[in-house]
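Using the hints provided, position chain D relative to the given structure of chain S.
Heads up: the sequence lines are chains S and D, in that order. Under this note's numbering, residues 1 to 399 are what the first sequence spells out, in order. Under this note's numbering, residues 1 to 203 are what the second sequence spells out, in order.
Please keep in mind that the hints were generated in silico from the structure rather than gathered at the bench. Some hints here could point you the wrong way.
In silico lysine to any residue, SDA-like type, Cα no more than 25 angstroms apart, as pairs [claimed, not checked]:
(1) S:Lys392 <-> D:Met41
(2) D:Lys12 <-> S:Ile351
(3) S:Lys387 <-> D:Asn22
(4) S:Lys384 <-> D:Ser10
(5) D:Lys14 <-> S:Leu273
(6) S:Lys384 <-> D:Thr154
(7) D:Lys186 <-> S:Gly363
(8) D:Lys64 <-> S:Lys5
(9) S:Lys116 <-> D:Cys182
(10) S:Lys392 <-> D:Tyr30
(11) S:Lys384 <-> D:Tyr30
(12) S:Lys5 <-> D:Asn19
(13) S:Lys380 <-> D:Asn19
(14) S:Lys387 <-> D:Asp15
(15) S:Lys384 <-> D:Lys186
(16) S:Lys387 <-> D:Tyr30
(17) S:Lys100 <-> D:Lys64
(18) S:Lys392 <-> D:Asp26
(19) S:Lys384 <-> D:Asp62
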Amino acid sequence: MEARKVYMDNNATTPLHPQVKEEMIKAMEVFGNPSSMHQFGRAARSMVIEARQSVASFIGSKPEEIVFTGSGSESSNTVLSILACPARLCDCSGLGKFSKIITTTIEHPCVLETAKCISQRDIEVKFLSVDQYGKIRMEELEEELKKGPALVSIMTANNEIGTIQDIKQIARLSHKYDSLFHTDAVQAVGKIPVDVNDLDIDLLSLSGHKVYGPKGIGALYVKKGTPFCPLIRGGHQESGRRAGTENTLGIIGFGKALQVRANEMPAEHERLLGYKKRLKDGLKNNIEDIHFNGHPQDCLANTLNVSFPGAEGESILLYLDLAGIAVSTGSACASGSLDPSHVLLSTGIPIEYAHGSIRISMGRDTTSEDIDYMIEVIPKVIQKIRKMSTVKIGGGKNE
Amino acid sequence: MSSQTDWVYSEKLKDHFVNPRNILEDEESYQDDGKGIVGNMKCGDQMLIVIKVDKEKGIITDCKWKTYGCASAIASTSILSEMVKGMTLEQAYKLSPKDIAKELGGLPENKVHCSVLGDKALRAAIVDYYKRNGMQDKVKEEDARVVCHCMNVTDEEIEEAVLEGARSFLDIQERTKAGTVCGECKEDILRLLDKYKKEHFGK
Numbered sequence: 001m002e003a004r005k006v007y008m009d010n011n012a013t014t015p016l017h018p019q020v021k022e023e024m025i026k027a028m029e030v031f032g033n034p035s036s037m038h039q040f041g042r043a044a045r046s047m048v049i050e051a052r053q054s055v056a057s058f059i060g061s062k063p064e065e066i067v068f069t070g071s072g073s074e075s076s077n078t079v080l081s082i083l084a085c086p087a088r089l090c091d092c093s094g095l096g097k098f099s100k101i102i103t104t105t106i107e108h109p110c111v112l113e114t115a116k117c118i119s120q121r122d123i124e125v126k127f128l129s130v131d132q133y134g135k136i137r138m139e140e141l142e143e144e145l146k147k148g149p150a151l152v153s154i155m156t157a158n159n160e161i162g163t164i165q166d167i168k169q170i171a172r173l174s175h176k177y178d179s180l181f182h183t184d185a186v187q188a189v190g191k192i193p194v195d196v197n198d199l200d201i202d203l204l205s206l207s208g209h210k211v212y213g214p215k216g217i218g219a220l221y222v223k224k225g226t227p228f229c230p231l232i233r234g235g236h237q238e239s240g241r242r243a244g245t246e247n248t249l250g251i252i253g254f255g256k257a258l259q260v261r262a263n264e265m266p267a268e269h270e271r272l273l274g275y276k277k278r279l280k281d282g283l284k285n286n287i288e289d290i291h292f293n294g295h296p297q298d299c300l301a302n303t304l305n306v307s308f309p310g311a312e313g314e315s316i317l318l319y320l321d322l323a324g325i326a327v328s329t330g331s332a333c334a335s336g337s338l339d340p341s342h343v344l345l346s347t348g349i350p351i352e353y354a355h356g357s358i359r360i361s362m363g364r365d366t367t368s369e370d371i372d373y374m375i376e377v378i379p380k381v382i383q384k385i386r387k388m389s390t391v392k393i394g395g396g397k398n399e
Numbered sequence: 001m002s003s004q005t006d007w008v009y010s011e012k013l014k015d016h017f018v019n020p021r022n023i024l025e026d027e028e029s030y031q032d033d034g035k036g037i038v039g040n041m042k043c044g045d046q047m048l049i050v051i052k053v054d055k056e057k058g059i060i061t062d063c064k065w066k067t068y069g070c071a072s073a074i075a076s077t078s079i080l081s082e083m084v085k086g087m088t089l090e091q092a093y094k095l096s097p098k099d100i101a102k103e104l105g106g107l108p109e110n111k112v113h114c115s116v117l118g119d120k121a122l123r124a125a126i127v128d129y130y131k132r133n134g135m136q137d138k139v140k141e142e143d144a145r146v147v148c149h150c151m152n153v154t155d156e157e158i159e160e161a162v163l164e165g166a167r168s169f170l171d172i173q174e175r176t177k178a179g180t181v182c183g184e185c186k187e188d189i190l191r192l193l194d195k196y197k198k199e200h201f202g203k
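Just chain S, same shape as in the assembly (with noise of 0.2 angstroms):
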């Protein structure tokens, strides 16, 4: 039996527009490298430029504050290694004075994983705690401002639970207080108004496939003036931000995907905020001791993240999958390791609770029958775990 198909999971990735694609197979023809001079060289770079403009507009840079790089991952690890640039000769002058990463422990991986790994150099690393939203607290952050310049990365919106913070304050802060601010926005990124002007950003990562463009393509913003130093060297290309040919139908697939989503994301924003009531409003009467995650209005209109106490994430995400549904869990069982969401656990809730998540992210493909179909699988789903379950439930309710 071929079951219905219900894709949820565009946090992890999304497809490929059909606009996009289109783009992408025409592009294919075009083979030239981008830094040749003749004919075959120029109608790569011509499609590279255009793809530069179409970025940098959707965010409201100029086209030479865009570099492109291979991922959202490997944007923010640039932005990171600045600091730990042991030679100073690139053109990073003026890092000297920052000798010190603010960032939170919601943040994803590529972010957490580098700090860490700065920290190991004599650059202190300062984690901030959240609230229970996810929410930093902006008097922490001014707290370890006032010690000293630092660089601050700060995620825009989380990838788990959705949350979105006050970027622009945090960056009125980190300024005010003579630091550079660096935002991790893949997740906000065609799901939420992004303007670095308007936010007053220093640095910013992107991801291409977060926005129904192609897998293997990144960006990151770097305003102008803001010391850099590329992680990797060794060439001309991106003006001697990042050295290796450039990812042409990576790049060309990115352009038009964010150009297509400038159209479409906010009418998108407001059906995908009325699926999401409809949703949680459907599993709530359904399923009895039910939790939502992350900040209850300060969250991307796509994402719901939902704890379901004496029920296991990875068993939830197996019987959706087999429902056709397709779904994310932070519990520790499906992501290989022992232990459940380092952001679930960030923002204090019980470790059980964090056990039985999943994540549930719609996207321009998601349908009223979708919302539907889900309201009719998870309880049942739910209520067959539960009913093998040693965990007995409470059978309170909260919002």
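Chain D alone, transformed into the frame defined by chain S:
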């Protein structure tokens, strides 16, 4: 499109996950002869196994269970409940995680600890039966103190591991699975490791 059945798990495991056998649905009224529960919520795995025993023959006649955990934990307990029916208590007591994994058609490496819990829950149920029936002589091993509550590992098992060559926390983890889940017992294990090394090897 690749088939939806292309799981990380074997078909046999999947079958036991989708159609679990012998779930203990009537916990209140079930007249068990032995009951064992291991693991805890903190680790994300907990198993309860109850058995009925033919006291004349010393044979397990029924086995039911409840499990909180992932697919391999659920399937491990399900298949175990089928395996032990008709076994003598001695046979069942000797079942190892490997036996369960083999019956399931193999387990991914990071899932082996799920089946470890299954056989520990079964042993706990058998020991409970022995204790209820005044057969204390069979359970002297279980008088040992449980050090790692997640994996239900006793100090005697840690001593044994040291005797068999374990010298570090990592060695202990590899041999006994103790300390591989929540890690709360690490201090305790390090202390015992030191103690047994001194006791048996003078260093």
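Hint check, failures only: 2, 5, 6, 7, 8, 15, 17
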